[in-house]
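Protein chains in written order, with this note's numbering: chain A, 11 to 326; chain B, 7 to 169.
In short, the hints are calculated from the structure, not lab data.
Just so it is clear, CB atoms sit at the ideal spot from N, CA and C, and this is done for glycine as well.
It cannot be assumed that every hint is accurate.
[What the hints assert, rightly or not] A few chain B positions that, by computed beta-carbon distances, are all more than 12 Å from chain A:
no., residue
1, Thr8
2, Ile72
3, Met85
4, Gly155
5, Pro160
6, Asp168
[What the hints assert, rightly or not] Computed spacing ranges between beta-carbons, pair by pair:
no., chain 1, residue 1, chain 2, residue 2, range
7, A, Gly90, B, Glu67, 43 to 53 Å
8, B, Leu47, A, Ala93, 26 to 36 Å
9, A, Glu170, B, Glu89, 31 to 41 Å
10, B, Ala84, A, Pro115, 15 to 25 Å
11, B, Ala87, A, Trp177, 38 to 48 Å
12, B, Gly42, A, Trp94, 17 to 27 Å
13, B, Glu67, A, Met275, 26 to 36 Å
14, A, Ala24, B, Asp57, 41 to 51 Å
15, B, Ala84, A, Glu120, 30 to 40 Å
16, A, Glu120, B, Met85, 29 to 39 Å
17, B, Ala84, A, Leu273, 17 to 27 Å
18, B, Asp57, A, Asp181, 52 to 62 Å
19, B, Leu47, A, Arg250, 28 to 38 Å
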Amino acid sequence: MASPRIIMKLTVTATRKESGDVLVIDLKHTRKPLLPPFEPGSHVDVHLPDGKVRQYSLCGDPTDLSRYTIAVKREEVGRGGSAWIHEAVAAGCMLPVSAPRNHFPLAQREGPTVLLAGGIGITPILAMARALERQGKTCELHYFTRSRALAPLLSVIERELDCNTVWLHFDDEPETRQDLETLLSTRSSDAQLYYCGPPGFMAAVDRATAHWPEGTVHFEAFQPPEQDRAPPEPFTITLRDGTVVPVAADTSALAALRAAGVLLMASCENGVCGTCECGILEGQPIHRDAVLSKDARTHRFIPCISRAAGVLRLDL
Amino acid sequence: MTWQGTLLHIHVAPAASYEMEELTEAQLVAGRGIVGDRYYLGTGTYSAKPDVREVTLIEVEVLEAIAQGEPRIPGFKAMLAPEDHRRNLTTRGVPLGHLVGTRFRIGETVLRAARMNFPCKYIEQLLGIPGLYEGLLNRSGLNCAIEVGGVIRPGDPILPIDG
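Excised from the complex, chain B in its bound form:
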């Protein structure tokens, strides 16, 4: 599959429930996460089951659809700013739903797509947006491991790695 996308935003939170903070540059550490983020620091709230969640991504296209109330059924509509959705990286032009099991580049780093992200009911309470859980079902992004660390910045190209 040929595609090329762009990194739009980088956000981290120092611990569970904290406001996300936008970065103009971030250090990705292989096998750990983004320096300063809750997944890197081990201060997040998430299921106790072993899982890969070093970096999470979401498509800006999903946020745009939710802002429009698409799809019309169930018609959930909300303005979710990039700092609201609580994924680390907001992308444009990247088919996140097709990448599970593959590797791809963001700038100088390499990520391995582990599984689709599953939304948590807790985000509704955190943001005070009822219905957001259902609104994000099947499109709440991708959880990735970092294979090759490095520095990323908004505007970096995102590219598939063949083979």
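Just chain A, same shape as in the assembly:
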């Protein structure tokens, strides 16, 4: 069951610039004293005026529900959402923001936790590190960025986290630089690993943890993996009632389903949020999302971005 998707009108109470071209935004509910509760790893959808929706991790304190805090890195080559936020959002603005959802929860397990963050991937990891520290659990955080000057939220980390549990790795400092393969080659057998960062970082950690046991490695991606960029081919979807929905090469399955009258909610339309997830009854999906687990890929489908070969029968 998906979690709540209700959209709230939130008021921006404060913004501040942080290193790494990051804008930190504090939000409160326009009418209510408290916001819905969230766990570390949760994200919200921010609805932009042009109808785009962007996901941002909540990096504030889950025990203080009077406000949410998000950190938005300006992506010059992105899809335009972060640039708008940097230019237009200031204290007093109203932003439509969804209730939080968590695809990246901390498993309640014994044993040490290893947190890896690349760049702005620090946002969910920071909330996790705070929570683990408060619970007195053993945790180590490795933060990878290109340089000290470009490290998002570095001042927050240095101010709020126990320096004995944090390792900073800067590509341009030979004394702190760290190879992921080497770091992950030695691990305690009961460790849980959580990681978040840009696509190259995600791919590197994925390779370095290929031999880790099932269920010990957890991640959240901001963008779908940069694989399978073959040009899309047309395919066909059939519904439970037998309706046939052709999907043209230049159309998403989500758009084709909606045009056929199927009411499907969607949010990121980029394969990372899981809002439009549905079930597969039969067929060969070509998964291009970054949200389904290996297990879920056998029977679930993300129609905003994934495709199929031939005929795909969906549980709709």
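Got chain A sorted already, so can you dock chain B onto it with the hints?
Same frame as chain A, but now just chain B:
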């Protein structure tokens, strides 16, 4: 049929999926909807088929039954606050299920009951309450058109119009 009911709450949402906001006073516009609401603004999510949905109503008695888990079969139980159910008007003492095809008054306005509301599966995802769709089947309220507009407020009497 003789009955007299009361308007308990007025809620609107600026667009589909937005939180409902409670109003202490609302302007009903004939042929359109409630000023500020998604049906009035044309920003809702609903079936593309032509339909009457200027104002939607639900009985507080249904919400009370759902809170109790009544009826015992299937026994669906949930606390649905008036801002959760996504109908515009919450009523007490109004037999909504009997009004299709008739007209009735709320305060100074006149509504025409068009059809029973049918719940949407999407509300389960929106609120994160599994089973709510089935829980609302056959009791999710009434869709109405506005024949005579005006201002309504919680506490306004709701009365049938004879003939």
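These are the hints, each one checked on the structure:
1. For Thr8/B, the condition that its CB be more than 12 Å from all CB atoms of chain A holds, with the nearest at approximately 39 Å.
2. Every C-beta of chain A lies more than 12 Å from that of Ile72/B, the closest at about 18 Å, which supports listing it as non-interface.
3. Every CB of chain A is more than 12 Å from the CB of Met85/B (nearest about 14 Å), matching its label as outside the interface.
4. For Gly155/B, the condition that its CB be more than 12 Å from all CB atoms of chain A holds, with the nearest at approximately 26 Å.
5. No Cβ of chain A approaches the Cβ of Pro160/B within 12 Å, the least distance being about 17 Å, so the stated non-interface status holds.
6. Every CB of chain A lies more than 12 Å from the CB of Asp168/B, the least distance being 39 Å, so the non-interface label holds.
7. For Gly90/A and Glu67/B, the hinted distance range of 43 to 53 Å is satisfied, since their beta carbons lie about 49 Å from each other.
8. For Leu47/B and Ala93/A, the Cβ-Cβ distance of about 28 Å falls inside the hinted range of 26 to 36 Å, so the restraint holds.
9. Evaluation of the 31 to 41 Å hint for Glu170/A and Glu89/B yields a pass: the beta carbon distance comes to about 36 Å.
10. For Ala84/B and Pro115/A, the Cβ-Cβ distance of about 24 Å falls inside the hinted range of 15 to 25 Å, so the restraint holds.
11. For the pair Ala87/B and Trp177/A, the supplied restraint of 38 to 48 Å holds, since their beta-carbon distance comes to about 47 Å.
12. The hinted range of 17 to 27 Å is satisfied by Gly42/B and Trp94/A, whose Cβ atoms lie roughly 26 Å apart.
13. Taking 26 to 36 Å as the suggested C-beta distance range, the pair Glu67/B and Met275/A conforms, at roughly 30 Å.
14. Between Ala24/A and Asp57/B the beta carbons are some 44 Å apart, a value that agrees with the proposed interval 41 to 51 Å.
15. For Ala84/B and Glu120/A, the Cβ-Cβ distance of about 35 Å falls inside the hinted range of 30 to 40 Å, so the restraint holds.
16. Take Glu120/A and Met85/B: their Cβ atoms lie about 35 Å apart, and the range 29 to 39 Å holds.
17. For the pair Ala84/B and Leu273/A, the beta carbons lie near 22 Å from each other, so the given range of 17 to 27 Å is met.
18. Range check, Asp57/B to Asp181/A: Cβ separation about 59 Å, and the 52 to 62 Å hint holds.
19. A C-beta distance of roughly 33 Å is found between Leu47/B and Arg250/A, which places it inside the suggested range of 28 to 38 Å.
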